[in-house]
Amino acid sequence: MRFSWRDTLMSYAFLAPALLLLLAFTFYPLAYGTYLGFTEYTGARFAQGLGPKWIGLENFRTLLADPLFLTSLGNSVKYLLVVPALQLASLAVAVLVSRELPGIALFRAAYYVPVVTSISLAAVMWEWVYNREGTLNWALSALHLLPRGEAFGWLNNEATAFFAVMLVTFWRGFGYYMVLYLAGLQNIPAELEEAARLDGATPWQRFWRVTVPLMKPTILLCTLLSTIAALRVLEEVLVLTGGGPLNSTYTALMYVYAKAFQGFNFDYGLASAAGLVVALVALGLALVNFRLFHEAEGGDA
Amino acid sequence: MKNLRLLALGLALAAGPLAGTAAAQQPVELQLWTWYLSPKFDTYIKDTLAAFEKANPGIKVRWFDKQDSLVQDFIASVNLGNAPDVVNLNIDETQKAAQNGFLRAVSDLSSPATLNATYYPQSVRNFTSGGKVYAYPWYGWLNEGVLLYNPDLLKKAGLTRAPRSLSEMLSYAKTIKDKTGAYGWVPALKDPNTASFLGYFYSEGLPIYDAGGKAAFNSPAHAALLGQYVNLYKGGYIPEDAVRREAFQIATELYAQNRVAMIVGGPQALTRIKDTNPTLYGKTVVTEAPLGKAGVQTGGSMSLVIPAASKHPREAAKLAAFLSNNANQLAFAKVVPIVPTTRAAQTAALFKQSGSDPVQRATALVGASGRFINPGYKAPGNSDDLYKNFNDNIEAAVLGKKTPQQALNDAAAYWNANMKK
Amino acid sequence: MSAVTARPARPAVQTRRPPKRLLSTVLRYALLIGVLLFAVFPFLWTLAIALTDKTAGTSIYNFPASLFPKQVTLHNFGEVYRTFGLGRYVWNSLSITAMTVVGTLVVSALAAYPLARFRFPGRNLIFSVIVLTLVLPTETNFLANTLTLQKLHLLGTHLGVVIPTIAGAFGIFLMRQAFLSVPSALLEAARLDGAGELTILTRIMLPLTRPSLAALGIFTLVGTWNAYFWPMLVLSAAPDKVPLSVAVLKLKGQFNYDPFNIAAGSLIMMLPVLLVFLAAQRLFMRGLEGAVK
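Protein chains in written order, with the working numbering: chain A, 28 to 328; chain B, 51 to 471; chain C, 20 to 312.
A portion of the hints provided could be inaccurate.
Said to hold, decoys possible - Under the rule of at most 25 angstroms between Cα atoms (straight-line distance), these lysine-lysine pairs were calculated in the DSS-like manner:
#: 1; chain 1: B; residue 1: Lys224; chain 2: B; residue 2: Lys402
#: 2; chain 1: B; residue 1: Lys361; chain 2: B; residue 2: Lys96
#: 3; chain 1: B; residue 1: Lys182; chain 2: B; residue 2: Lys428
#: 4; chain 1: B; residue 1: Lys284; chain 2: B; residue 2: Lys206
#: 5; chain 1: A; residue 1: Lys80; chain 2: B; residue 2: Lys470
#: 6; chain 1: B; residue 1: Lys324; chain 2: A; residue 2: Lys105
#: 7; chain 1: C; residue 1: Lys89; chain 2: B; residue 2: Lys333
#: 8; chain 1: B; residue 1: Lys428; chain 2: B; residue 2: Lys264
#: 9; chain 1: B; residue 1: Lys361; chain 2: C; residue 2: Lys89
#: 10; chain 1: B; residue 1: Lys324; chain 2: C; residue 2: Lys89
#: 11; chain 1: B; residue 1: Lys205; chain 2: B; residue 2: Lys361
#: 12; chain 1: B; residue 1: Lys182; chain 2: B; residue 2: Lys224
#: 13; chain 1: B; residue 1: Lys361; chain 2: B; residue 2: Lys384
#: 14; chain 1: B; residue 1: Lys324; chain 2: B; residue 2: Lys384
#: 15; chain 1: B; residue 1: Lys333; chain 2: B; residue 2: Lys206
Worth flagging that the hints you see were computed from the coordinates, not collected in a lab.
All chains, please: the whole structure from these sequences, using the hints.
The following block contains the structure:
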């Protein structure tokens, strides 16, 4: 393949600011963090002013021998269940609000409320919902779906806590992806949809045959982001359950976080190693994603 | 990293002579970090610091109040080479910091005799690690300092007086819940970042470690005590959230809403209730809390530590000693019902007066009892991992996944396999 | 808002099948309202709690009464605002957020354009490495980044909070995907007319991808507005410069626990962003016809 020198020069000129900043504030610290995964770097070393010490794969051996880490990794993979539901719902909601109807602006803004809500406030609110005496139980018993005596706290129950947290992720996420899909939808020529409509296609058929295929670049972007986010889920769990009950919501990133930020006992080496394992899984899933959406990537780019 | 450090060192050496002469003329500036004291106690801290600066003309103090991020900021500041000079930690964090070498031993800065004469011996012991003292004990609290209760709820449950023993507490919890629907009280089953249930063992006179320093909290007696709480939880007499959130938070929140009848704890609970529900505050009865079989209190205190990375340890020691001296702790006790860790507080007139105001009564009850401040167990090396495992096991017992004995056996085995030092 | 709602909704179809049309509109609104309840219910409850007169000893768990406070008061808001002196922190938040949003948009658009539209050696490598940063462990980044800022003398400044965050994989990725979907014919035509690349970027690409730019802008705005860990570290020695998000953490302080005040404080945090979104949401929709020419 031959490249034009003009395009090359131009490209790097455009890329320069981003590359410089990325180099200094993203690539360099990430490379350093990756390196830390193969070192011993604990609070005790740090306090004495000693740098990290290379120990090869020792941290990874520790991780694989720690049942807590394996549990947490399993939970994080299980958390991926939220991705298809979240993406389908977000795309559907985006289609729903893309039509101009009276008052639609308010709906769009309202759907974005969960995204704007800071996680600590979201936690307080959902705690009120999931509490034993909370809204959810109140609503269920008002509808006679739950006998009064059998009420339980949704976050305190091993069977429900995981999905309760997942619903919060869903709630915080759908407005976010809705905005991305809404932006993507604007690239679909209106004529195409009109043509399908005149051909007598039902809304259901139009969605699958016109909207979805044309939205592939956006869907790739969103599923990829959502997959990585699900695998790296942390905040919701941290504030809602702290990993409990019985570690049923303890995620891999929580493990990383605990090792990196447990005060003076921190272990940056082990934390980075655990982060690398998560990264490896995420990378594999990202490749699958790219493969699945391969056609959409080709084209003129 | 290493190169950077060398570079920084080189620069520091090069600038050395210059910096030296400048320092002689300029006043020393100290950085003081406190924990969750602003904005509520701004006036007290500022006044005290002003008094210190007046007494020590060569020293200026810059005060920062930190929240959640205190320890994280501390670590980051060490990394950046601008560590604070005096930092407010608690017992657990002080032990962790000392174990990892972040602190300068204050017994090298102040004479041990002075420390022992100023503070209660147990308070000094709370901050001792490997034979050295690592902090100036600061304000404290007692976990069983006072019992405060909502008289309406007790009356509704047909109870005429406060409980006087742990077994009475347990039966009260049942009666109150059955008769009124409100919870009796919220025991600290597994407060985050600590191993709160160990405190209950200590109260009952049960050992945490054996003579060799190994975990020994899995005797049948230990299991029986845990079993009592497990049964209470299973019967629905303890709020479910007690396995997920800090007990004190739940208790103060629910008490103000008339949904918990009693709080065992420090008078600081009262200040919250005063803010959120003044009517209930006025009615609240404050009395002595029941103690366990051992007849001992548990409690904790704050500390003022000197980071190893502080550039002015002598001046920092002066400041820490000043803030934690008897007069200043007593002055703090006037603002908020804390328990001073200074010996002289035992005879302070402040704690002899009593009135009808609940906070005043609570202060009078606990203020002079600083000698009892003792968490009941010493933080083990690698405490974060060990506490998490201990709490996981307590949770497994409470939720019926393990028998109390099995849970304690598992926890003790984990501790003995993973304890450092 | 009026400009948006006034647009005619495909009149040709409307006239052809009126009864079915009506039914579908009703269904649409039913669905819209269902999702609305899911989205804003917790928010409304927070609002109700923030407005409740807490001195009456009411329980926040008392349904449905706690949704409809009997005694409404703005006292909680006032108390939070005064106790924490939030005014100056609002200004800090505005300054940090504005700089971050502008910086992110400029840097991302500039970088994404060649990645989407040019062939040059190293393109795939650069793009892959940028995407890779999305998954790598970031927990220890602050160690290196605070040291770099210290060397640049940016520690304790708003610029120090902003600069490390403006070049990110997300923004570049998002804008690249948006640029990919612009028809090549438009670019070729412009090039034949002799337009420079910067002109093409600013006159054709950016207007055509305004929805994505707006999305990136609002995401950056929200993320920056709510972020607290990084600003807290950078501004650790300059507590007067911290943003609102760091300041309201004090609400959860040991002696200050109070659900009513937390609700009020959190709403003070949220409202500005929501208003911006409401004002900006029409930007997510395709630009006015002129831009597509």
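Hints, one by one, checked against the model:
1. B:Lys224 - B:Lys402: At roughly 36 angstroms apart (the allowed maximum being 25 angstroms), B:Lys402 and B:Lys224 break the hint.
2. B:Lys361 - B:Lys96: Cα-Cα ~23 angstroms, so holds.
3. B:Lys182 - B:Lys428: This hinted pair holds, its Cα atoms lying about 14 angstroms apart.
4. B:Lys284 - B:Lys206: holds (24 angstroms)
5. A:Lys80 - B:Lys470: holds (19 angstroms)
6. B:Lys324 - A:Lys105: violated (45 angstroms)
7. C:Lys89 - B:Lys333: Distance ~23 angstroms between C:Lys89 and B:Lys333 Cα, so the pair holds.
8. B:Lys428 - B:Lys264: Measuring from Cα to Cα gives roughly 12 angstroms; hence the hint holds.
9. B:Lys361 - C:Lys89: violated (58 angstroms)
10. B:Lys324 - C:Lys89: holds (21 angstroms)
11. B:Lys205 - B:Lys361: Not satisfied, since the Cα-Cα distance of roughly 59 angstroms exceeds 25 angstroms.
12. B:Lys182 - B:Lys224: violated (46 angstroms)
13. B:Lys361 - B:Lys384: It is violated: about 33 angstroms lies between the C-alpha atoms, which goes past 25 angstroms.
14. B:Lys324 - B:Lys384: Answer holds: B:Lys324 to B:Lys384 is near 16 angstroms, not above 25 angstroms.
15. B:Lys333 - B:Lys206: Between B:Lys333 and B:Lys206 the Cα gap is close to 15 angstroms, so the pair holds against 25 angstroms.
Of the numbered hints listed earlier, those contradicted by the structure are 1, 6, 9, 11, 12 and 13.
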